[in-house]
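Number of protein chains: 2
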Amino acid sequence: MKPIKIGLLGLGTVGTGVVRLVEGHQDDLSNQVGSPISISQILVKDRSKSRNIPIDASKLTEDPWEIVRNPDIDVIVEVMGGIELTKDYILEALERGKHIVTANKDLMALHGREILEKARDKGCDVLYEASVAGGIPIIRTLIEGFSSDRITKIMGIVNGTTNYILTKMSQEGVAYADVLKEAQTLGYAEADPTSDVEGLDAARKMTILSTLGFRTDVALEHVKVKGISAVSQEDIQYAKRLGYEVKLLGIAERQDDLISVSVEPTMVKTSHPIASVNGVFNAVYVHGEAVGETMFYGAGAGELPTATSVVADLVAVVKNMKLGVNGRQSQLSYNVTKLKTDEQIASKFFLLLHVEDRAGVLAQIAQVFSDCEVSIESVMQPSTPNQSSTEIIIITHQASKAAMNNVLKAFESSSAVRKVKSVYRVEG
Amino acid sequence: MKPIKIGLLGLGTVGTGVVRLVEGHQDDLSNQVGSPISISQILVKDRSKSRNIPIDASKLTEDPWEIVRNPDIDVIVEVMGGIELTKDYILEALERGKHIVTANKDLMALHGREILEKARDKGCDVLYEASVAGGIPIIRTLIEGFSSDRITKIMGIVNGTTNYILTKMSQEGVAYADVLKEAQTLGYAEADPTSDVEGLDAARKMTILSTLGFRTDVALEHVKVKGISAVSQEDIQYAKRLGYEVKLLGIAERQDDLISVSVEPTMVKTSHPIASVNGVFNAVYVHGEAVGETMFYGAGAGELPTATSVVADLVAVVKNMKLGVNGRQSQLSYNVTKLKTDEQIASKFFLLLHVEDRAGVLAQIAQVFSDCEVSIESVMQPSTPNQSSTEIIIITHQASKAAMNNVLKAFESSSAVRKVKSVYRVEG
Numbered sequence: 002m003k004p005i006k007i008g009l010l011g012l013g014t015v016g017t018g019v020v021r022l023v024e025g026h027q028d029d030l031s032n033q034v035g036s037p038i039s040i041s042q043i044l045v046k047d048r049s050k051s052r053n054i055p056i057d058a059s060k061l062t063e064d065p066w067e068i069v070r071n072p073d074i075d076v077i078v079e080v081m082g083g084i085e086l087t088k089d090y091i092l093e094a095l096e097r098g099k100h101i102v103t104a105n106k107d108l109m110a111l112h113g114r115e116i117l118e119k120a121r122d123k124g125c126d127v128l129y130e131a132s133v134a135g136g137i138p139i140i141r142t143l144i145e146g147f148s149s150d151r152i153t154k155i156m157g158i159v160n161g162t163t164n165y166i167l168t169k170m171s172q173e174g175v176a177y178a179d180v181l182k183e184a185q186t187l188g189y190a191e192a193d194p195t196s197d198v199e200g201l202d203a204a205r206k207m208t209i210l211s212t213l214g215f216r217t218d219v220a221l222e223h224v225k226v227k228g229i230s231a232v233s234q235e236d237i238q239y240a241k242r243l244g245y246e247v248k249l250l251g252i253a254e255r256q257d258d259l260i261s262v263s264v265e266p267t268m269v270k271t272s273h274p275i276a277s278v279n280g281v282f283n284a285v286y287v288h289g290e291a292v293g294e295t296m297f298y299g300a301g302a303g304e305l306p307t308a309t310s311v312v313a314d315l316v317a318v319v320k321n322m323k324l325g326v327n328g329r330q331s332q333l334s335y336n337v338t339k340l341k342t343d344e345q346i347a348s349k350f351f352l353l354l355h356v357e358d359r360a361g362v363l364a365q366i367a368q369v370f371s372d373c374e375v376s377i378e379s380v381m382q383p384s385t386p387n388q389s390s391t392e393i394i395i396i397t398h399q400a401s402k403a404a405m406n407n408v409l410k411a412f413e414s415s416s417a418v419r420k421v422k423s424v425y426r427v428e429g
Numbered sequence: 002m003k004p005i006k007i008g009l010l011g012l013g014t015v016g017t018g019v020v021r022l023v024e025g026h027q028d029d030l031s032n033q034v035g036s037p038i039s040i041s042q043i044l045v046k047d048r049s050k051s052r053n054i055p056i057d058a059s060k061l062t063e064d065p066w067e068i069v070r071n072p073d074i075d076v077i078v079e080v081m082g083g084i085e086l087t088k089d090y091i092l093e094a095l096e097r098g099k100h101i102v103t104a105n106k107d108l109m110a111l112h113g114r115e116i117l118e119k120a121r122d123k124g125c126d127v128l129y130e131a132s133v134a135g136g137i138p139i140i141r142t143l144i145e146g147f148s149s150d151r152i153t154k155i156m157g158i159v160n161g162t163t164n165y166i167l168t169k170m171s172q173e174g175v176a177y178a179d180v181l182k183e184a185q186t187l188g189y190a191e192a193d194p195t196s197d198v199e200g201l202d203a204a205r206k207m208t209i210l211s212t213l214g215f216r217t218d219v220a221l222e223h224v225k226v227k228g229i230s231a232v233s234q235e236d237i238q239y240a241k242r243l244g245y246e247v248k249l250l251g252i253a254e255r256q257d258d259l260i261s262v263s264v265e266p267t268m269v270k271t272s273h274p275i276a277s278v279n280g281v282f283n284a285v286y287v288h289g290e291a292v293g294e295t296m297f298y299g300a301g302a303g304e305l306p307t308a309t310s311v312v313a314d315l316v317a318v319v320k321n322m323k324l325g326v327n328g329r330q331s332q333l334s335y336n337v338t339k340l341k342t343d344e345q346i347a348s349k350f351f352l353l354l355h356v357e358d359r360a361g362v363l364a365q366i367a368q369v370f371s372d373c374e375v376s377i378e379s380v381m382q383p384s385t386p387n388q389s390s391t392e393i394i395i396i397t398h399q400a401s402k403a404a405m406n407n408v409l410k411a412f413e414s415s416s417a418v419r420k421v422k423s424v425y426r427v428e429g
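Heads up: the protein sequence lines correspond to chains H and V, in order.
Taking the working numbering, the leading residue of the first sequence gets 2, the next gets one more, and so forth.
Taking the working numbering, the leading residue of the second sequence gets 2, the next gets one more, and so forth.
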């Protein structure tokens, strides 16, 4: 049988994994799709560089256009990363009738709609399972597994770097800066960790998940983002005492036709299944009106886990080719995007306050909450001997973000509160 | 647009959920598939019975053949249960070119191959996501999500009744018989609970999961089954002291081309993600060569969770109808089934022994293990004052089942061991 020919853009970590899987599992793959799959051409930055895997040098090229315009190639597997240039290659490949498998979250978060529309017009597939949560097949789960349900909430630990850092801080009591340095040494964090630790990477993934889950176009600018660089050991220790873990959660919610999406460090009740997702693992918790609570757990990154998703997409594309139905299964959003206002976004909150050490302070603080119509679930006053300022921890009942902002504003001019040390959303 | 017509066999818990979802989510569904979905005829046992949901009485029939032979019906949704008669209806429906969505694990575990072959010959779809782990889309995950990988292990908590019982026994210290009675009152256990508590229900589900995961036909008689009726409070308490939970696990393993499948109460290390799956929840843990560890968690049963999977399958069938590709996506196994012998099945083991209270007993026992080439990881001798017989707990290193059977046989004639109180497989 005529082999299906693949053009591979990128031979970094994931690209190498794709070559390994396609070659190592050739029998299993051709049993499933009915013909051999052959990687015909590979884009690399430097043809002369030595590689971890045996590669026929004649397949390597440094010119992406050579692959994109190669008439023999049926499917482009894009694992090179990048946004604007990469988009050009992909649009050109689609123009020429090639199908796309990509692991590129940045590209899909920013230009997903344009690419999917082009694919539909050209009768091509664009699949991107590997773009979110590496080895966890969460994208096909949202598209197919829950096609019958109305998803109301998606919570994701979708960035392994920050989850590794927070896990270490929680389990070993090490300070943020020290764990970050260690993560960089181990290769779990980039030299410039900003995109991970400030939540941008997670925000891009939440853009993709919420677009699929709510069947509405969510843009990156719709996502409220806060990273973990301000999370202190003190916050984590208080969280643990109260039965919470601090996790960087992507949270997407829908009520009727209103949605909200955020990425923020969150206190998660230890009994919630997502609280025990540790280290570099990822997990996506999905709540549907009918299905209730579900969670999907696995490796979020890494050569072979990510390659598993890429090659599973490749199998799906090739099956569609055999059936002649490419470009007809992808799902464009059909709901209008309406964002919740701060009045409509509600959660519990955790506050750590530095307050004056004198009688009547707690009453004064409670009055502020009451004036702003935020009701308090619990108050804890840890003992701090030999200090004139003392700490108060407050956990609220469900309150709107707007009401909580009013509380914080009132504290600015309150004689009782010296400083609001931290504010967290609370889940679970 | 012409509506797609559904014949629903069964209007019990799941059938009612299917009606609710199809009617409640009609807009979402037709947005996805491009035409309305209409439930045209419903098989019930008693037409005159009153229902929880408004149903047009003219749609009800007590004659299954009327639905199966109705030329207007495109898809049969089978949620009536039963095996031999139900198989006849389904084969007849396939013969007439109707597609099938079923939640029937018993049918698929026993006659899956025959039904799928018939479907392939007739160009029809047979989808059965709801047959295992209710709302968790584990079947499409195994078929599609991990199509690129070689799955080496599947561990499942796939029976909610037994997981509820074991969770209660662990968390509240209640005896097996008392929890079972309570579960029956709450409707979590059947009046005759045999199929659940003796592991048969789980075994049928593991037959389906291992067939898909290993791409080889696994039959029910290949599954070694042991239920939970002999699990004592004592076992659970010792497990907890050593850092384990007792769970009824389905365990399917593959090494090269050899497989083994079992259902048995297992001691699971509390740090393993499946150890904290509690109550009626289900979870399936999947290990793949490339993807590593993954886990899928959710409701295993219930009206709406199960209906979610049924209707998601329905959406897939209707999409295939629109594309004209029914009957071409299902996957028949292509690997030859080779079972591991007891010499090839290996795990750690937990043993609780009643032994003589005299010097030299431990040495004598250790000698038995050594003679049988089973090495010991740890020994615990809980103090039991005022008793002539005393207890010893042993956890072994990895050992073959055959070697462990030799140990147990040697204990029968040992003067040191009064009784082997319990033996568990250990995981995690």
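By construction, these hints were calculated from the structure, which means they are not laboratory data.
Check each hint, because a few of them may be wrong.
The list cannot tell twin chains apart, which means a pair is met if one copy fits it or any two copies do.
[As the list claims (entries may be wrong)] Within a straight-line C-alpha distance of at most 25 Å, the following computed PhoX-like cross-link-like pairs (lysine-lysine) qualify:
1) 123 - 320
2) 410 - 88
3) 349 - 402
4) 6 - 410
5) 422 - 46
6) 323 - 119
7) 323 - 402
8) 320 - 119
9) 3 - 169
10) 339 - 420
11) 119 - 420
12) 270 - 169
13) 241 - 270
14) 60 - 422
15) 422 - 402
16) 349 - 270
17) 60 - 420
18) 123 - 323
19) 402 - 119
Notebook entry, point to check: Within a copy, between copies, both or neither: where do residue 410 and residue 88 come within 25 Å Cα-Cα?
Noted result: neither (44 Å within a copy, 68 Å between copies)
Checklist line | Homo-oligomer pair classification [residue 119, residue 320; C-alpha up to 25 Å] | finding: Result: close both inside a copy and across copies, 21 Å intra and 21 Å inter.
Checklist line | Alpha-carbon proximity between residue 349 and residue 402, which holds within one copy, between copies, both or neither at 25 Å | finding: within (9 Å within a copy, 51 Å between copies)
Next item on the list: Using 25 Å as the alpha carbon limit, work out where residue 60 and residue 420 are close: within a copy, between copies, both or neither.
Entry: Classified as neither; 62 Å inside a copy, 67 Å across copies.
Check: At most 25 Å between C-alpha atoms: does residue 119 with residue 420 qualify within a copy, between copies, both, or neither?
Finding: neither (52 Å within a copy, 72 Å between copies)
Notebook entry, point to check: Within a copy, between copies, both or neither: where do residue 123 and residue 323 come within 25 Å Cα-Cα?
Noted result: both (17 Å within a copy, 19 Å between copies)
Notebook entry, point to check: Quick one: residue 323 to residue 402, C-alpha cut-off 25 Å, is that within a copy, between copies, both, or neither?
Noted result: neither (51 Å within a copy, 45 Å between copies)
Next item on the list: With 25 Å as the alpha-carbon cut-off, assign the pair residue 402 and residue 119 to within, between, both or neither.
Entry: neither (39 Å within a copy, 57 Å between copies)
Notebook entry, point to check: How would you label the pair residue 339, residue 420 (within, between, both, or neither) given a Cα cut-off of 25 Å?
Noted result: Answer is neither; intra-copy 35 Å and inter-copy 68 Å both fail.
Next item on the list: Pop the pair residue 123 and residue 320 into one bin, within, between, both or neither, using alpha-carbon distances up to 25 Å.
Entry: Both ways: residue 123 and residue 320 sit 18 Å apart in one copy and 19 Å across, limit 25 Å.
Notebook entry, point to check: Given identical chains, is residue 241 near residue 270, meaning Cα to Cα at most 25 Å, within a copy, between copies, both, or neither?
Noted result: both (9 Å within a copy, 22 Å between copies)
Checklist line | 25 Å Cα threshold - placement of residue 422 relative to residue 60 | finding: neither (57 Å within a copy, 64 Å between copies)
The structure is inconsistent with the numbered hints 2, 4, 5, 7, 9, 10, 11, 14, 17, 19, although it conforms to all the rest.
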